[in-house]
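K.L.:
Heads up: the protein sequence lines correspond to chains L and C, in order. The numbering of the first sequence is numbering that gives the first Met the number 0, which starts it at 0 and goes up by one. The numbering of the second sequence is numbering that gives the first Met the number 0, which starts it at 0 and goes up by one.
These are calculated hints, taken from the structure and not from any lab test. Treat the hints loosely; a few may be bogus.
[Stated by the list, open to error] Distance condition first, Cα-Cα at most 27 Å in a straight line; then the derived BS3-like pairs of lysine-lysine:
#1 128/L - 196/L
#2 326/C - 5/L
#3 128/L - 226/L
#4 196/L - 226/L
#5 326/C - 2/L
[Unchecked claim] What the simulated footprint calls covered on chain C by chain L, stretch by stretch (three residues with Cβ under 8 Å from a Cβ of chain L suffice, anywhere in the stretch; the number is not a length):
#6 144-155
#7 252-266
#8 304-317
[As the list claims (entries may be wrong)] Label-pair distances were calculated between CB atoms; the ranges are:
#9 155/L - 68/C: 53 to 61 Å
#10 223/L - 45/C: 37 to 45 Å
#11 452/C - 250/L: 55 to 63 Å
#12 20/C - 215/L: 28 to 36 Å
#13 195/L - 395/C: 50 to 58 Å
#14 122/L - 158/C: 40 to 48 Å
Source: prediction; values computed, not measured. By construction, the Cβ of each residue, glycine as well, lies at the ideal position given by its N, Cα and C atoms.
Single-letter residue listing:
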Amino acid sequence: MFKSIKVRISQGSQFIPDPRRANPTGFRGKPVIGAEACESGCQACVTACPTQAISQDTQAREPIQIDLGRCVLCGDCEPICPSNKLSFSSDFRIACTDRVGLVLNRSRTAPDPVRVSAALRQRFGRSLKLRSVSAGGCNACELEVNALSNVNFDIGRYGIDLVASPRHADGLVLTGPITRNMADALQSCWDAMPAPKLVIAVGACAISGSPFEGSSAVERGFLDRFKPTLYVPGCPPHPLTFVCALLDLLGIQS
Amino acid sequence: MGPNKPVVMAVTNELTIMGLDDWVGQIGLRIAAGERVLTLFGRADGNNHVIATAVLQATHGRLAILRARALRTDSFDALTTRYPSVQMFERELWEQTGLTPVGHPWLKPVRYEADRQQTMHAHPFFSVRGEEIHEVGVGPIHASVIEPGHFRFMCHGEQVHHLELQFGYQHRGVEALLLKRPLLSLSSTVESIAGDSSIAYAWSHCAALEALSDTQVSMTTERVRGIALELERVAMHLSTLTGLATDIAFLQGGATYGRLRTAIINATMRLCGSRFGRGWLRPGGVRFGIDTKRRNDLLVTLADFSRDMAEINDLMLTSHSVQSRLKGIGTVSHQAAADIGLVGLSARASGVAIDMRSSLPGRLYESHPLALLTEETGDCWARMQLRMWEVEESVHWVTHLLDTPDLPLDDGEDSDDDLLTAIGPLWHDTLCISIREGFRGPVVQALETRADGQLVHYKVQDPSLVNWFGLTLAMRDSEISDFPICNKSFDLSYCGNDL
Chain L
0 MFKSIKVRIS QGSQFIPDPR RANPTGFRGK PVIGAEACES GCQACVTACP
50 TQAISQDTQA REPIQIDLGR CVLCGDCEPI CPSNKLSFSS DFRIACTDRV
100 GLVLNRSRTA PDPVRVSAAL RQRFGRSLKL RSVSAGGCNA CELEVNALSN
150 VNFDIGRYGI DLVASPRHAD GLVLTGPITR NMADALQSCW DAMPAPKLVI
200 AVGACAISGS PFEGSSAVER GFLDRFKPTL YVPGCPPHPL TFVCALLDLL
250 GIQS
Chain C
0 MGPNKPVVMA VTNELTIMGL DDWVGQIGLR IAAGERVLTL FGRADGNNHV
50 IATAVLQATH GRLAILRARA LRTDSFDALT TRYPSVQMFE RELWEQTGLT
100 PVGHPWLKPV RYEADRQQTM HAHPFFSVRG EEIHEVGVGP IHASVIEPGH
150 FRFMCHGEQV HHLELQFGYQ HRGVEALLLK RPLLSLSSTV ESIAGDSSIA
200 YAWSHCAALE ALSDTQVSMT TERVRGIALE LERVAMHLST LTGLATDIAF
250 LQGGATYGRL RTAIINATMR LCGSRFGRGW LRPGGVRFGI DTKRRNDLLV
300 TLADFSRDMA EINDLMLTSH SVQSRLKGIG TVSHQAAADI GLVGLSARAS
350 GVAIDMRSSL PGRLYESHPL ALLTEETGDC WARMQLRMWE VEESVHWVTH
400 LLDTPDLPLD DGEDSDDDLL TAIGPLWHDT LCISIREGFR GPVVQALETR
450 ADGQLVHYKV QDPSLVNWFG LTLAMRDSEI SDFPICNKSF DLSYCGNDL
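Okay, chain L solo, but in the shape it has when bound (with noise of 0.2 Å):
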């Protein structure tokens, strides 16, 4: 008893209290590219990024794009680039309901914002109820998925729960890059969930299958006919993207 009261003592409040004001220092977020010009010719950060994430078109005025569905956040790009024009802040806020919104370049500088939906806001807006299906995911996803729970995150709060049946979903969290394995039981559990109901791509293997992408055990098809109406970047995507994201979809308060 005493030393229950003790650990309770010492646990303290653990809650973020408003995980859109979070600061997660050290964070490699949001990349950031510089005005600087690019050396001409310099492919440097094209052959640097293991996922083909950055881009160039060295016929525009500037060339360097990034996708951050593609990206999984490593910044190996960030010490090759010979005129240090690629960096990373610690922004987390990068999800977006549209992929194309995910590609970064001059003019977009950041993705394009959540937008809210009213009918999602109407129908979830007060309980939300998502159901993780992995179907190739490393357990780093899947990690940081189940700590969206936990004492920090805290989504409970917000009336957003991960459940045990697809039967009492709203929501499909897929991690992973799909597998050809996973991908009949990922279909069942779709097929299982009640409608309205919409899918959630968590992290790059989901969003774009770049880490695995040219495995021929890897089957995507699920994502050509179910189109995600969230997608939340990263290698893992950090929870405070992941909950920022659902409220700002939902346009809960925090």
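Using the hints, position chain C against chain L.
P.N.:
Okay, now just chain C, sitting in the frame of chain L:
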């Protein structure tokens, strides 16, 4: 002769190439003499042949490589019938190369790899027959946020007679992919093989490339990598403890271990930008050192952590409800653990004293040894307790390195060491086996180069491959209701198994 290194290399055309039967015979003799099979695998050699490789470890730690060449349609007498510790290796060898271990008691694909087109339907589950015997199937999708896999219980009433595990759902074709991509940008892929062990994987990968290119990394780099790995171990043991506490409805444990893990992975993020240590280790060194400010920051974090950790451990270990739920549940005896070749924490919890940081210490652990901790009872309680002690030991070890001022951890004024050096071309015709002790056990990577210095084979082996069978044994004669805590107490990797 220096300390045993966690990397071993061999020039492939100087290795003795045995016939298949001779090879199998040699492996059998060595196992009989007390050596352990660290890994055993094969690769295609041209269209019709297979090169098979076994790496064995003697009790004093030294590694030996045995090689054979055979026709892919060849077969051999399965070693599994005498030495169950190689049962998964033989299954994998059969799935990946076609060599058939005749007499293997349960020859099924490990992961239903894409190119062999094997289907799960073609391989039914083990069947227990008898009156009132029933089967319970769970998965691949489970009730919580967890990777997929199928568990098939054969029960009589409440009693589980047998549990069969069927995996492969996570198979992403990692090994094939690692051969397709540019050599020096493999790190991020390697970090995602089993994403909860990113640092163990990255280190073993980097060490292999460094050995193959004759690149010497600095002691500063070694120390930073060592700290990174222990932080990962602490974080993941805490993740398991959180899950265990939650699974037995010991809510204070769940809440407290959960937030303690947050403190550790946030500290990792302050050091390298990622809560999972992604992008920290790279071939040739580390991308981030630990400067004085970060050193002090980490020391403060660890001091606060240790105090709170001791408190919650005390509460958990003295609680009668925890004791009665975990003691004597899911036992794997010392004999069984040794017979089936368990590795890592699962082996140590059954009293098998193996840890690559002790048996293959290399320069780092030779200068800064870690205690090899074991438990005797082999039950869920032992696996839980051992995690607590390993966390303590790791924190103690990291604190010691941070607290010693003349041990540089950065490329600042006190140190001549470079944190990151360039990797040159790889030795040609060379096989390199690289091992690091992750939080589950040894992560093994075997890289082989051709005559032109390009990789011809990249073999990855997670400790989970052999350890999953420990869970099967732990469940014998238990009840299905014990399964969640047994599974959590092992906390093995699905994608590490499936690759």
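K.L.:
Each hint needs a verdict: does it hold in this structure or not?
P.N.:
The hints, checked one at a time:
no.	hint	result
1	128/L - 196/L	10 Å, holds
2	326/C - 5/L	25 Å, holds
3	128/L - 226/L	19 Å, holds
4	196/L - 226/L	11 Å, holds
5	326/C - 2/L	21 Å, holds
6	144-155	holds (count 4)
7	252-266	holds (count 6)
8	304-317	holds (count 7)
9	155/L - 68/C: 53 to 61 Å	59 Å, holds
10	223/L - 45/C: 37 to 45 Å	38 Å, holds
11	452/C - 250/L: 55 to 63 Å	57 Å, holds
12	20/C - 215/L: 28 to 36 Å	34 Å, holds
13	195/L - 395/C: 50 to 58 Å	53 Å, holds
14	122/L - 158/C: 40 to 48 Å	46 Å, holds
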